[in-house]
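Chain A is already provided as a structure; the job is to place chains B, C, D, E and F on it using the hints.
Number of protein chains: 6
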Amino acid sequence: MINDELQKRAQVLIEALPYIRHFYGKHIVIKYGGKAMVDEKLKRQVIADIVLLHYVGIKPVLVHGGGPEINEVMRQMGKQPKFVGGLRVTDEETVRIVEMVLTGSVNKELVELFNQNGARAIGLSGKDGNLFTARRLTPDETEGVDLGFVGEVESINTDVLRVLIDNGYIPVIASIGSDKDGKTLNLNADHVAGKLAAAIHAAKLIVLTDVRGICRDQNDELTLISTLTDEDALRLIEEGVIGEGMIPKVQACIEALKGGVEKAHIISGAIPHALLMELFTDEGIGTMIIRSGVS
Amino acid sequence: MINDELQKRAQVLIEALPYIRHFYGKHIVIKYGGKAMVDEKLKRQVIADIVLLHYVGIKPVLVHGGGPEINEVMRQMGKQPKFVGGLRVTDEETVRIVEMVLTGSVNKELVELFNQNGARAIGLSGKDGNLFTARRLTPDETEGVDLGFVGEVESINTDVLRVLIDNGYIPVIASIGSDKDGKTLNLNADHVAGKLAAAIHAAKLIVLTDVRGICRDQNDELTLISTLTDEDALRLIEEGVIGEGMIPKVQACIEALKGGVEKAHIISGAIPHALLMELFTDEGIGTMIIRSGVS
Amino acid sequence: MINDELQKRAQVLIEALPYIRHFYGKHIVIKYGGKAMVDEKLKRQVIADIVLLHYVGIKPVLVHGGGPEINEVMRQMGKQPKFVGGLRVTDEETVRIVEMVLTGSVNKELVELFNQNGARAIGLSGKDGNLFTARRLTPDETEGVDLGFVGEVESINTDVLRVLIDNGYIPVIASIGSDKDGKTLNLNADHVAGKLAAAIHAAKLIVLTDVRGICRDQNDELTLISTLTDEDALRLIEEGVIGEGMIPKVQACIEALKGGVEKAHIISGAIPHALLMELFTDEGIGTMIIRSGVS
Amino acid sequence: MINDELQKRAQVLIEALPYIRHFYGKHIVIKYGGKAMVDEKLKRQVIADIVLLHYVGIKPVLVHGGGPEINEVMRQMGKQPKFVGGLRVTDEETVRIVEMVLTGSVNKELVELFNQNGARAIGLSGKDGNLFTARRLTPDETEGVDLGFVGEVESINTDVLRVLIDNGYIPVIASIGSDKDGKTLNLNADHVAGKLAAAIHAAKLIVLTDVRGICRDQNDELTLISTLTDEDALRLIEEGVIGEGMIPKVQACIEALKGGVEKAHIISGAIPHALLMELFTDEGIGTMIIRSGVS
Amino acid sequence: MINDELQKRAQVLIEALPYIRHFYGKHIVIKYGGKAMVDEKLKRQVIADIVLLHYVGIKPVLVHGGGPEINEVMRQMGKQPKFVGGLRVTDEETVRIVEMVLTGSVNKELVELFNQNGARAIGLSGKDGNLFTARRLTPDETEGVDLGFVGEVESINTDVLRVLIDNGYIPVIASIGSDKDGKTLNLNADHVAGKLAAAIHAAKLIVLTDVRGICRDQNDELTLISTLTDEDALRLIEEGVIGEGMIPKVQACIEALKGGVEKAHIISGAIPHALLMELFTDEGIGTMIIRSGVS
Amino acid sequence: MINDELQKRAQVLIEALPYIRHFYGKHIVIKYGGKAMVDEKLKRQVIADIVLLHYVGIKPVLVHGGGPEINEVMRQMGKQPKFVGGLRVTDEETVRIVEMVLTGSVNKELVELFNQNGARAIGLSGKDGNLFTARRLTPDETEGVDLGFVGEVESINTDVLRVLIDNGYIPVIASIGSDKDGKTLNLNADHVAGKLAAAIHAAKLIVLTDVRGICRDQNDELTLISTLTDEDALRLIEEGVIGEGMIPKVQACIEALKGGVEKAHIISGAIPHALLMELFTDEGIGTMIIRSGVS
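Residue numbers (numbering that gives the first Met the number 0), protein chains in the order written: chain A, 0 to 294; chain B, 0 to 294; chain C, 0 to 294; chain D, 0 to 294; chain E, 0 to 294; chain F, 0 to 294.
Pulled out of the complex, with its shape left as it was, chain A reads as follows:
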């Protein structure tokens, strides 16, 4: 007489227990981006997933960029976005717009979605609590192109994260920082996520992208590689198997692994509840990268 459906639901919950137990009390850094940040429904699902992680005792940290919205605002302000080799050329006016959009629009929208889902989040950029200090890239580092106010994380000060997480807040971090002189710099969000994951000794880095993971043939999802080592990944970059758009994501994973993170994942944010599927099943749904030589 008891509803079979209820029975099945209970069964699913109980099957999640070993995973919940495994990640209990651990930090997981999630790089949020791509379609999952544009589609309203996907956005709500990602946030709900993260709130669930929070309530079952996992400690998520969210890092985000926000390309599409930046371009839109730039165009509204009569400025044409410019890219060289896939990287945004960021003059002084552009960096101001990038910061405004990332920390004042994208970030606050995410924070509000946490409120709506019954969790408390705090939006941060590298400037808040001096979370991280960045360094402007020289043209030498960007193949001779002057990208303007573009930088990379130099040092991280995790105290503010510890304070917020210990008090039950979820940090939501925009990929904006400043250098020692206070100059605002546009940072690559994948890179920021990798660095932060290492700095807080996260158990996992999960990068949400628009594709299924690393595929042997980028045009055929059936060639998805489920697991590979960081050494394998480096070789695949050299061999050109991993395409340009995917390279910074893979590099962020490798950086995190080097810094002591146990496992890094590249999964598709376009699949509803991809986070839960990757974390709470053995098979997973994307690509997992592990350190070579570590069983």
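Among the hints, a few may not be true.
Stated by the list, open to error - Here are a few chain B residues that sit away from chain D, every Cβ distance over 12 Å (derived from the structure):
id: 1; residue: D127
id: 2; residue: R134
id: 3; residue: P138
id: 4; residue: D145
id: 5; residue: E151
id: 6; residue: G239
id: 7; residue: G244
id: 8; residue: D281
id: 9; residue: E282
id: 10; residue: G292
Stated by the list, open to error - In silico negatives: residues of chain C with every beta carbon more than 10 Å from chain F:
id: 11; residue: N2
id: 12; residue: Q10
id: 13; residue: K34
id: 14; residue: F82
id: 15; residue: G84
id: 16; residue: T141
id: 17; residue: E142
id: 18; residue: M287
What the hints assert, rightly or not - Now the stretches of chain B that chain A is said to cover, found in silico as 3 or more residues with beta-carbon under 8 Å:
id: 19; region: 15-22
id: 20; region: 53-62
id: 21; region: 270-279
Calculated directly from the structure, the hints in this document are not laboratory data.
Here the structure is a predicted model, which is why all the values come from computation and not from measurement.
Note that the Cβ used here is the ideal one computed from N, Cα and C, for glycine as well.
Using the frame of chain A, we list chains B, C, D, E and F on its own:
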């Protein structure tokens, strides 16, 4: 291409979120008994359910009796169990056996099941940490029958529960206590659960029984009453609708509600994962009792 | 032989001691706005003053708006700022721009200035940590005009402030909030400061404006009123002595005093180090409002 | 005029001060067994001694077995106790009885005695809080005899002891554990006490036996050895001076010393207040074993 | 064979247990004075007694005066001690000497004795940590005599005592204070002890004197009153039964009882270990004063 | 219109910010002595300076001697102060007077001055909380002269300082200690300050003297050396440039630097607010000694 099954499982998890959020950090007292304590498979499922509650931030406290196993050991020791009006006549030798079986066999088996499920439990009786003090019932209180060493909880000292729960341990409590002179007393586990739920300001008391809940016609589960008030429940007892076996369970619920517990539930422990179904769905699967006059 | 100048400097420090002692460990809410937020030099001075307060054991909380920069960005985006009765008409696109500018540009610039001065600040809006929830004003409340997405603070949740302040961070709060449905609302920063000061039991609310304080004759600074009660202030509003631009500031002060704040001050942010002069001297430099009937 | 008796009593208390000071805040593991666990009066005295230790700032941990009571219950249940080489052959039914008697009868009686003496104790077995995990002994390890469900401690998890002791509870531990698969195992209580003493860095292990200590001639208490080293003890075992019954006690002492315990004692529990006499006088009343090469 | 003496000593210790348990964790204020502060042997015994109290979990606070040594130093400095009605006339030079002797000689000697007995004490006067503020007595309050710099405690600030006691230090307090203007005042040590006992909610105030307690006939110790109420005590003062020297001691006791202290004792410090005899036996050896109407 | 004077005062405060920030949360040991301890006005200024340091987040520890007052009391008591090679010959009676004056008069007066300035101080000698243990100097160590009860610090027990400072109290330490047998010893206050500064890892040791600092020509303040290394200082002692009176001060500085203190200063306590001038300006007003080889 993604497995529909995985998708569905993630959906189930996310639908549990509002319930998890609602009970987060709250105490729930579970009276464990009946078939669910005899059937090996059911036993494992109940413990797994409780471990899940623990990991999603709920604070379960387990109270148990253990009738069938007591009778078995008594018979092995050449003693015939004796009941008057459904209550065990407990002479000095019997109370020694009851304590030995409840605290030394049933309790330790439950504690070990928690170990096997990756959670840490501590077995207690009323004697441990002086958790509760009891008082021997007089024949006047038991319709003229001298039940021997049978008593009821007089005062509760919740400090040991607070210490254990705050440090991540699940208390598993056998319904045995002692009076001021140190005499061991056999206590009714439903009653103990109701008193404890009130003492620790639990959000819920859940009584696991062998039937679906309170039914208008005890022989027809289709007459199950989903929700009723404590006043309704008292009337149904007076009217004889609630049968003798169910009365102590209902009284325990009423006692808990009086003591400030928000809701009390009587559900069937024979249904796999009944706990999760009752806690994590709106419909529930048994009977919920609420205070009259409280919306 | 000892430098007279050094001697004099030491003397000044020592004369600040009674004031430092008096405010030690107390919260002071500072509403930051006007010229002091436009002029680069004044901006640096205000932040340096607040950093000094922080280091001498006072607990400052900063609340800011940012009118001029909003207008500038709106114009860059081809939108004409519109005001009715001095209040900004805030349609959906406008509120998005207001939020972006206040929380993503003005707020982050202030936070960075704290970094440059050796203190750690965290930028917040009402959305972060659900610091406050707002309510959209109805046309009835705004003299029949539909101001759009404009609201007022309804409830405040001070936990995040406590956590940050106890851990040595200075909160910098933009006057943006959201209602229960997550809709972003533009709030009056004076009003937010007054409400917050009451909620955290601040010792003082200090409103930085562009004039010396409340003057009997707005065109003559020599008519400055040094001290008045909240009742006096209400009467002066009724009598039309206090002009329209000053009214919300005075109302914020009255609201703070009603909520238990000891003293409220309106001072000119255009005077270098006005904060220090008001806090660390008996005379003060602006207008102080106290509760009537409290000596 | 003042009572000489009172004077003398005060003198005795004051002479205990150097000993109290010396053991203040230190852990002492007491292996409780033999006549002192059978005789009602001795039992009360041992518990009173331990309560006194607790109140003067020492942190006692009690470990007990319970041979005689096990045999009695086995016989009541129609089972004949069987021993090979002094060790109990423990089939599945026997281990169930052993656990029931040790954790459900002996342990709870001790806990209740603490209640009666105004201290709060918590009864534990290896299963509670996963205090220790055991390993079943192979016939190879027991001279070719299959002793059944008999094991030895493999790993200890002291967290639950720390939590209880820090909160003012006295742990009372029955020598029952389980292996990784949850199988219950009968353990030697001397061995458990020795292992625990090492694990919690106890200052002392005190083994209560039925004889005065180690004697050169087991039949002549006048040949009692007051102090010897662990090396001496090993030699005496080899030479056959230390009899079979005493060997596990001496081995437990040696194991504790190896693990860092400062001193181990074997004393007679049949002497009233033997614990106090051993701890609070220089002479002591039994045998003290120290590490060789440590002054 | 076991030494009867050892046995007896253990018995004495165990008989102290109920008393130790009763006072465990409670504050006891001891007014130290009279012969017990002059005789070297008695001095050592009193300190040893207090160290014992400290180690068995009681929290002693010591208050002392120091008449004889003050007179001695005054004479060495060529000043003649002067008394009116038993009270020291304390001119400016005298108060300087009194402070110097009490806080710089008597107090430090006591502190050092604690060091020698293995406990850590901190010497304080009312000035240290602003422990108490005093008020100069007017001639009206001293029967028309101007006693000079003599005062009484006006307000007590127990924070420093809490900090020291919680960290394991024994406070040793000299009866010297200062008024609001910083003027040093000589205070009556009995009075200070009574006030402090009330302020810290002590379980007991014990006044060490040179006589057995309150006697019906001051010249006959056989007329000692073992127990009386505060009302009885007041009546005996009125009736002249209690002599002038004893009155301030009795008044201190009454003040302490009024402030919530459970029991106050007047005992002879000339009896070795009087403190232990009074605290650790039912009979006691002096006079105990209790509140009338409190059973 | 705004008072120029106010403006200037604010400017001075703000210019102190970098210094305040630099010393925030750090320990500074101040050796107090010389004229600054005799002149009433200077005394008040030094205490006010230290209270200011305390309120701006620096953690001062004061060490003092008290030569002139000792001599005065000795003479009042008919004893002639005797010095050999600048060191006081301290017989048993003298050491008693020295302790009485230092801990009972000088120390308490300083503590009271802190009360008057709104800060809470606790007076200590080496005996209190067993802060330090000393060792009597042998005639061999004092050029063949038997100086009597004169010693040097042997071991320091910083727990009491940590407890007091963490709870907001300022320790004021008299240079008196005791040896292992409890014998009181007169200690050199410079030496005590140097040892303590090293033991608590102070950022600075500041020695207040009666001269400007170390001068090449002691009779010409214009030859003041602003900065030198510890090696330079040792060489200047050997060369006789540093006079006898200054040597113990310089040695204390060197000892502190060896123990890890960052910088040591010798300044004139006769200059009003010398402490503030030295700490809060780059130039300083006396001599700063740094470790050689440390930039």
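What hint numbers does the structure not satisfy? Hint check: 1, 11 and 12 fail, others pass.
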